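As they're listed, the protein sequences go chains A and B.
The numbering used here puts the first sequence at residues 195 to 730.
The numbering used here puts the second sequence at residues -11 to 306.
Derived by calculation from the structure, the hints in this document are not laboratory data.
Just to be clear, a hint being listed does not mean it is correct.
[Said to hold, decoys possible] DSBU-like, lysine-lysine: derived pairs with alpha carbons at most 35 Å apart: (1) B/Lys(-2) - A/Lys280; (2) A/Lys215 - B/Lys213; (3) A/Lys441 - A/Lys673; (4) A/Lys275 - B/Lys213; (5) A/Lys280 - B/Lys213; (6) B/Lys267 - A/Lys302; (7) A/Lys538 - B/Lys213; (8) A/Lys479 - B/Lys213.
Note that the structure is predicted; figures quoted are calculated from it, not measured.
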Amino acid sequence: MTPLLEINDIVIEGQTGDTWKPVVKNISLNLNHGEVLGLIGESGAGKSTLGLTAMGFTRTGCRIASGSILFDGQELANASKSDLRKFCGSRISYVAQSAAASFNPAHKLVEQFAEGPVQHGLMTRQEAEEKAIDLYRRLDLPDPENIGNRYPHQVSGGQLQRAMVAMAMATEPDIIIYDEPTTALDVTTQIEVLAAIKEVTKQFNTAAIYITHDLAVVAQMANRIMVLRHGDLVEEGEARELLDNPKKEYTRQLISVRNAGKDEESKNKDPDTILKIENISASYKANVNVVENISLKVKPRKTVAVVGESGSGKTTVARIVAGLLPPHQGRIVFDGEELSRDLKSRTPDNLQRIQMIYQMPDVALNPRQRVSKILGRPLQFYLNMTGEKQENRIKELLQMVELPENYMNRYPSELSGGEKQRICIARALAAEPELVICDEVTSALDQLVAEGILKLLQRLQDELGVSYLFITHDLATVKAIADDIIVMYHGRIVEQGVKKEILEPPHHEYTELLLSSVPEMDPDWLDNLLAQRDLN
Amino acid sequence: MDDLKTMLTKRIALGVATLLVISILIFIGVEALPGDLAEAVLGQSATPETVAAFRKELKLDLPPVTRYFSWLQGCVQGDFGNSLANGRAVSELIGWRFANSLFLAGVTAIVAVPVAIILGILAALYRNTWFDRLISISTLSTISFPEFFVAYILIALLSVQLVVFPSISSINEQMSLFEKLHVIFLPCLTLALVVIAHMMRMTRAAIINVLTSPFIEMAELKGLKRSRIIVRHALPNALSPIINVVALNLAYLVVGVVVVEVVFVYPGLGQLLVDSVSKRDIPVVQASGLIFAMTYVTLNLLADVMAMVSNPKLRQPK
């Protein structure tokens, strides 16, 4: 049988300045009817680029240099735009990483659903709407008859991602490209979407290319897995075979990251607390409390992880401690001294001792300032350090975060995601703080990079004795770094305690749900879990 | 919709506050003008006594604060006072002129706004082609020249060389609409050339800015035509900056046309303002200034409301 999609020896080049460098190097790939192929690798591995190429599409600044893409006997590699249009969105469709960004905010869901089939002349508007309701129902969306009349901002992230899967299935395509469809979701939502995708793909016998950086996720979805790195194919094999016995070192590394953990039982037991918040309640709008009666303690040289799904109020806690959101009730005590609730009335000393690191290093760094300026500013502001002294300190800081000194003169755009986050860490450390609030600092990064950042934070804590208030939705991160854990749900603390206690049963119901939702490497994990949940 | 209501109330209150501040500025500005009507009317040969007597008659001898409040009180009641130069009611004097100004601005806007937006869309659609460059170069050159220069060039071409349109646009109430349109063709064209460039460039930039969004890539991957992507997917998300620049240009059409009105001797508010300043006819100057300010505030308020209505996130909250 000839494969449905056959990519031969494809080379894709990306433009940097005036030169073209290959980003995907001589990769070949076959996809049969009804088969799910997993593409896995860190960012920059060329997996998204390769996925888009299956549609004959390259992003701006990329080009197909050589090779062929045969889809059902048709060559797509040098097809004209109008020829490609016939396939795109009708026989091959695409599910993007962030549904929130990929849905047009100005149109209703069903309009965007119907657009593809109607414009391709496959259905009338009426038929398309019926099809939409059918697919919304199959994908378990609430109120399938009416949800299409909502705008993208009116449904939740998980629902939106499923609506995007529905949109991709509208024309019953032969192939769907899933480009990290669950990366932006938290674990509990991720399961729903994974289950929906798996079910629907099976029902329509659609072939799929599933792109992700999470091996445990791909293990649930794919029949066959290809591991990519720096645009090269590292290893390819049947899903089970590859996970059970990886042949290449890199694949082994990817698998072992998943199982990483922190060396048990931590250093000096210090009884005092550096930060204590008591009975805090806060709201953005009057009368609607986002968080209620939150009390927590952070000990010196310790890491407290605040876990919960999005909307649980964990970032709000970070904002309260930082003074960005004044609570209307409760006390914040820092090092024995009560802090004023809002940022403006805190003393420079208070400000200096609490620093923050953000989720998106891209957004948190001014793109028009060099690293030296970014790091120099807090040095000058808090410590009044200028000239040569400042320069030396910047070099030291860069060394601390394991970056070369000559990065001083670079702009943020010349750094990778992980390097940018290291600069953010260095900036927070420049103020010589005692407490650093880390808001989802690794969730925008790939696993290997994220692991590096976590190790760095751990080392810095050991060396400098800072405390961390660590906000995250990723339990793997928590396992790796936390001393104490606080589990939040709907603005309240549902469980809190030492890591060991929280992670070992018996759990609070919600903690149990969170823990069981973290994908495991076992390819049968999703099916088993869903079966088990159905029983309960 | 509650958000919309609170925003409207807030903006209207702010608008009124702005107008109050402007009324003070106008009053101070007029006070600062050297000389007054008495001196202007009586001429250099007037004795100090006659000037003083004339001032008293016009109530120019009262302290400025008193005069400001009595003027403000009149304005709120719709009475802008009487012209010092000829004794007619200011509202009567201004009414017809203002209607003329609005007519000129309206006709120009009806032509210029759609042309600018369509050109902007086309320029975005054919980005970096010769067509895009041609539009950019020609619109850029029209904004680079001062408007009176454009006006005189147009007069030289279209009314002196080819005698198609009159160089003097004096209209009156007896003219038919068609005659009026014929007469105001040149000032309209001059103004259009100036405002089209702004609006067109903003439309192009706003659309191109949106074109890098992930949902545009999604639309491309759905196999849609490029024209549909621009009009259906990019334009609705670029409306807010476009609406704002359109409003700014409309405001300019009403209040910024003084020079063009003077060149074409068009009986609009701008020309009246210039005349009144040279005659030191203070009530007329003050009233015109206030009307201009009101036009600006109203158009900006409208722009904000429309930008809000064009955004589904604000129109239909969760």
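Going through the hints against the structure:
1. A distance of roughly 51 Å separates the Cα atoms of B/Lys(-2) and A/Lys280; the hinted pair therefore is violated under the 35 Å criterion.
2. The hinted pair formed by A/Lys215 and B/Lys213 meets the criterion: a straight-line CA distance of about 30 Å does not exceed 35 Å.
3. Between the alpha carbons of A/Lys441 and A/Lys673 the distance comes to roughly 28 Å, so the proposed pair stays at or under 35 Å and holds.
4. For the hint linking A/Lys275 to B/Lys213, the alpha-carbon distance of about 9 Å falls within 35 Å, and the restraint holds.
5. A distance of roughly 10 Å separates the Cα atoms of A/Lys280 and B/Lys213; the hinted pair therefore holds under the 35 Å criterion.
6. Straight-line distance between C-alpha atoms of B/Lys267 and A/Lys302 comes to about 60 Å, which puts the hinted pair past the 35 Å bound.
7. A C-alpha spacing of about 52 Å is found between A/Lys538 and B/Lys213, which places the hinted pair above 35 Å, so the restraint is violated.
8. For the given pair, A/Lys479 sits about 43 Å from B/Lys213 by alpha-carbon distance, which is inconsistent with the 35 Å threshold.
Violated hints, listed in ascending order, are 1, 6, 7, 8; each of the other numbered hints is respected by the structure.
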